Each structure stands twice: as C-alpha cells, then as structure tokens.
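Chemist: The listed protein sequences correspond, in order, to chains V and S. Everything in the first sequence is counted per the numbering used here, starting at 112 for the first residue and increasing by one. Everything in the second sequence is counted per the numbering used here, starting at 284 for the first residue and increasing by one.
Calculated directly from the structure, the hints in this document are not laboratory data. The model shown is predicted, which means the values in this text are computed figures rather than measured ones. Hints are not guaranteed to be accurate.
Every beta carbon over 10 angstroms from chain V, so not counted as near; a handful from chain S, in silico [said to hold, decoys possible]: (1) Q343; (2) A366; (3) D376; (4) Y446.
Listed below are the simulated SDA-like cross-link pairs for lysine to any residue, each with C-alpha atoms no more than 25 angstroms apart in a straight line [claimed, not checked]: (5) K323(S) - S355(V); (6) K384(S) - K323(S); (7) K324(S) - F234(V); (8) K394(S) - K206(V); (9) K206(V) - F234(V); (10) K239(V) - P312(V).
Here a beta-carbon is modelled for each residue, glycine too, at the ideal position from N, C-alpha and C.
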Amino acid sequence: MNPIQRAVSLVCAACALAAFGVHAQSSTEQEIEKYRQQVGEENPAELWEMRGEALWKQPRGPKHASLEQCDIGLGPGVVKGAYTVLPKYFADTGKVQDLESRLVTCMETLQGLTREEATKNHFGSGPKRSPMEALVAYITSESRGIPMHVSVSRPEEKEAYEIGKKMFFYRAGPHDFACATCHGHPNLRIRLQDLPNLTDPKDAQRAYTTWPGYRVSQGEVRTMQHRLNDCYRQQRFPEPGYASDAVTALTMYLAVNANGGKYNGPAVKR
Amino acid sequence: MNNHKLRIAALAAGTALVVAGCAALTSSHDAERDAVALMKKDFHSRGQATLDRLDQDEVQKACTRYAETGKLPEGEAQHLQQAQLATVKYPADGDYLGDWKAGEKIAQTGKGKQWNEKPTAKAGGNCYACHQLAKHELSYGTIGPSLYHFGRTRGYGVDMQKYVYAKVYNPQAFTACSSMPRFGYHGILTEQQIKDVVALLLDPKSPVNQ
C-alpha cells in the first residue's frame with residue numbers, strides 16, 4: 112500500500128467508525144421514538160384521566176363535596192384551559208399557586224380535608240394510587256391544544272418568577288449541581304437522553320408542555336411536582352416539600368419560559 | 284363619593300403604585316436572598332441529603348452569582364482556581380495509576396449521595412453520563428468533552444497522571460465554574476477510586492486508549 116492509499120484507507124476507516132457511532136445512537140433514539148409512537152396512540156395516561164375526572168366530580172371529605180366548584184385559575188368549576196394559566200396568584204390564599212398546590216387548597220376549603228389527608232400518597236406507587244396524579248392528569252388533559260399563557264403581571268407573580276430563576280441557577284450540594292448544570296445549555300445529552308435547555312423558549316416549550324407524563328419506566332403518571340422532586344434527588348439536594356412555595360416558584364420560571372407553546376400533555380415519557 | 288373617600292382612594296392607589304414600583308425594583312441580590320430563604324423554609328432533610336447541603340461554599344457562591352450573566356471575571360477565576368488547587372490531597376505513596384477495570388466500573392455508575400441511597404454505599408463517578416470514554420460504550424453524554432484516546436493523544440507520563448488525579452479530585456482548580464463535580468474534595472470518590480479513574484484515562488491498556 113502506498114502512503115496515499117494508506118491515508119485514504121485510514122480516513123475511510125475513520126468515516127466508517129464515525130458512521131457506526133452515529134448510526135448506533137440514532138437507532139437507539141429511533142427505537143425510543145418508535146415505542147413512544149406505539150404507546151402514544153394508546154396513551155396509558157387516559158386511565159389516570161378517567162379516574163381523575165371521576166374524582167373531580169365525586170363528593171369526598173367531611174363536607175361531602177366534590178371539587179367541581181374549585182377555582183384552578185379561570186374561575187370556579189372551569190377546567191378547560193385552566194392549566195395553561197398556572198401558576199398564578201389567587202386572592203383567597205394570597206399566594207401564587209401551581210395546580211397541585213391549588214388542588215390541596217380546594218380539598219381543604221371545599222371538602223374539609225386536612226393538608227395531610229389531601230397530600231396523602233401524592234406520588235403513587237403500585238397499589239397505593241395517588242388521587243392527585245389522577246386529578247392532575249384529568250385537568251391537564253383538558254388543556255390539550257391550548258397555548259401556555261402564564262402571567263407575571265402581578266408583583267407576587269413576578270416575584271415567584273424571579274425567585275424560581277434564582278433557584279434554577281443555584282449551585283449547591285456535594286456534586287455542585289444546579290438545575291442549569293444540565294438544563295442551561297443547548298444541545299446537551301446525558302447518556303443518550305437529550306437535555307432540554309430550559310432557558311431557551313423552544314426547548315422549554317417542548318419540555319414543559321409534555322408534562323405531566325406517563326412514565327414507561329415507572330408505570331405511573333408523574334406530575335410536574337414529581338418531575339422536580341426527582342431532579343432535586345439527582346442534584347443531591349435535600350427534598351423539596353410537596354406543593355410548596357419553593358417548587359411553585361421554580362415551576363413559575365419554567366412555565367413562563369414555555370409561554371406560547373401549545374400544551375400537549377399528559378404525554379408518554381421514558 | 285365625598286372628598287374624604289376620594290382622598291383615601293387616591294392614597295390607596297398611590298400606595299399600590301409605590302408597592303408595585305418597589306417590587307419592580309427588587310434587585311437580583313434580593314431575589315437571591317429570598318430564594319435561599321424560601322428553599323430553607325420549604326426543603327427538608329431526607330436520609331443523607333440534609334438541609335445544610337443548601338449552604339454554599341465560596342465556589343458555589345461565585346459560580347451561582349455569575350451563572351446567569353456568563354463567565355467569572357478573569358481575576359476572580361484565577362484566584363478561585365488557585366485556592367481550589369491548594370485543596371487537592373495527592374496520594375501519599377506518589378502513585379496515581381490504579382486499575383482501569385475498576386475505573387471503568389466507576390465510570391459506569393452514578394450512584395451515591397442521593398436521599399434514597401445508603402450513606403455507606405460506595406459512590407460512582409458516572410463519567411459516561413457526560414463524557415465519551417471507551418469506544419465500546421455508545422451510551423455517553425455530551426455535557427463534557429470526549430475523553431476517547433485521552434492518554435494516547437496527551438501522553439502517559441507522571442505529570443499527566445498527577446494532573447488527571449487533581450482534575451478529578453477538584454476540577455475547579457483548573458476551570459473555574461466547571462460543571463464537573465469535585466469528586467475528591469467532596470468525598471464522593473475515595474483516593475483509590477480516583478486512581479482507578481486515572482488508570483481508565485491513562486493506562487495504555489485501557490479501552491479508552493485502544
């Protein structure tokens with residue numbers, strides 16, 4: 112082999128290698144996408160949506176009342192499109208609330224449940240089913256096709272957004288991680304999983320509008336509260352309180368970044 | 284409406300304007316202070332992930348401050364790197380090269396330090412989450428640069444071994460505000476584990492260099 116032939120064959124070997132690498136990765140991604148399409152046609156989240164609708168209408172608690180008069184953002188009893196304006200400020204509590212925090216409020220005020228009862232099994236696990244995950248699946252499904260339009264016109268809402276933004280960039284813990292470590296830069300991957308850059312409207316829209324999601328790996332519908340809880344676990348942070356103001360603030364930052372994106376959840380997730 | 288009521292209404296409207304104005308003027312510093320206070324109120328210790336993990340050291344503080352706007356100013360970055368380099372505890376035996384096979388296992392696992400894990404369980408380095416290393420592992424992330432052929436392209440000498448040991452021990456010693464965890468400084472990996480990772484990168488027999 113002369114030097115030129117050798118160089119050519121080396122380059123070709125490198126090309127083949129590169130092509131193999133790219134092929135192996137894209138085929139893995141293609142398989143996940145194929146699976147997503149297969150289950151997407153029969154999204155298991157529908158079972159949660161149905162259970163959630165029944166729970167919404169079912170009289171529960173000491174006051175034997177349903178949640179049908181709950182104001183989740185667009186006035187008492189309005190479910191259609193309500194998720195697309197959350198989180199928002201509610202005058203009766205004087206707080207900015209996300210969907211789950213708001214549902215806890217309504218369970219307390221309308222149904223007479225204690226906060227503890229309202230948040231029992233908030234993350235379901237097999238036979239311990241979560242009423243919250245079902246309710247959230249139902250309510251969010253009623254916003255499909257409607258663009259996110261979360262407001263920061265009130266000072267309380269603006270404040271929640273600013274605090275959430277600070278939380279997003281806050282580095283701490285034994286691994287020095289912030290949310291932004293994985294979700295603050297374009298076109299990154301962890302293993303083969305694409306990481307949305309949640310500071311970028313396009314990525315934020317795609318990510319935010321597909322939560323809650325049916326997690327194939329867990330066999331459960333997981334809400335935004337769960338998603339953020341699991342991020343903080345992997346960030347090696349202490350645990351954020353369920354439906355707390357801190358999680359609402361972070362959600363506010365993410366939701367505002369996703370404004371304009373057409374809501375399309377609950378979706379099917381890995 | 285009589286004059287008295289009008290005055291009250293005007294006063295209320297004026298107050299509302301002032302309040303709104305103040306809120307709009309809330310500085311970035313105030314928002315950060317509020318964020319920390321809110322996290323301390325709403326987060327709780329769970330297992331080994333205790334609440335004091337929210338307390339930042341100097342590196343975390345500096346890197347948070349500049350995360351939104353971009354890079355640390357050059358002088359501050361130099362100062363931070365020097366201070367972090369001084370934290371590196373090198374192996375007493377002066378031997379940096381462990382077992383690349385053990386290093387490969389450490390690179391594959393991301394366990395450790397999470398609230399659902401036993402505090403006594405050995406942690407991993409999770410290198411593949413962010414880096415390409417050995418060619419056979421196609422499931423690698425891109426948060427960090429590719430380390431494929433690391434030793435082959437940079438050399439296998441003792442100086443290189445010492446550098447890689449220090450880099451894994453405390454990446455902030457070389458790149459201020461790097462995304463990479465300080466594996467030695469925070470006690471995520473033991474001295475032996477770091478040596479094994481060094482071997483994964485710098486043993487000529489390691490698949491990283493094949």
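Chemist: Would the pair K324(S) and F234(V) pass a check requiring their Cα atoms to be no farther apart than 25 angstroms?
Modeler: Holds - the C-alpha atoms of F234(V) and K324(S) are around 21 angstroms apart, at most 25 angstroms.
Chemist: Minimum C-beta separation from Y446(S) to chain V exceeding 10 angstroms: can you confirm that?
Modeler: Holds, since 20 angstroms exceeds 10 angstroms.
Chemist: For the pair supplied as a hint, K323(S) and S355(V), is the alpha-carbon distance within the 25 angstroms limit?
Modeler: With Cα atoms ~12 angstroms apart, K323(S) and S355(V) stay inside 25 angstroms; holds.
Chemist: Hinted pair, alpha-carbon criterion (25 angstroms max): K206(V), F234(V). Please report holds or violated.
Modeler: Status holds; Cα separation ~23 angstroms.
Chemist: Measuring Cβ to Cβ, find out whether A366(S) lies farther than 10 angstroms from everything in chain V.
Modeler: The assertion about A366(S) holds, with a minimum of 15 angstroms to chain V.
Chemist: Verify the proposed pairing of K384(S) with K323(S), using a straight-line Cα cut of 25 angstroms.
Modeler: 42 angstroms, violated
Chemist: May I ask you to check that Q343(S) keeps its beta-carbon over 10 angstroms from the closest beta-carbon of chain V?
Modeler: 4 angstroms, violated
Chemist: Need the status of pair K239(V), P312(V): alpha-carbon distance at most 25 angstroms?
Modeler: Not satisfied, since the Cα-Cα distance of roughly 36 angstroms exceeds 25 angstroms.
Chemist: Can we trust that D376(S) is non-interface, i.e. its beta-carbon lies farther than 10 angstroms from all of chain V?
Modeler: 26 angstroms, holds
Chemist: Is K394(S) within 25 angstroms of K206(V), Cα to Cα?
Modeler: 38 angstroms, violated
Hints 1, 6, 8, 10 from the earlier list are contradicted by this structure; the remaining hints agree with it.
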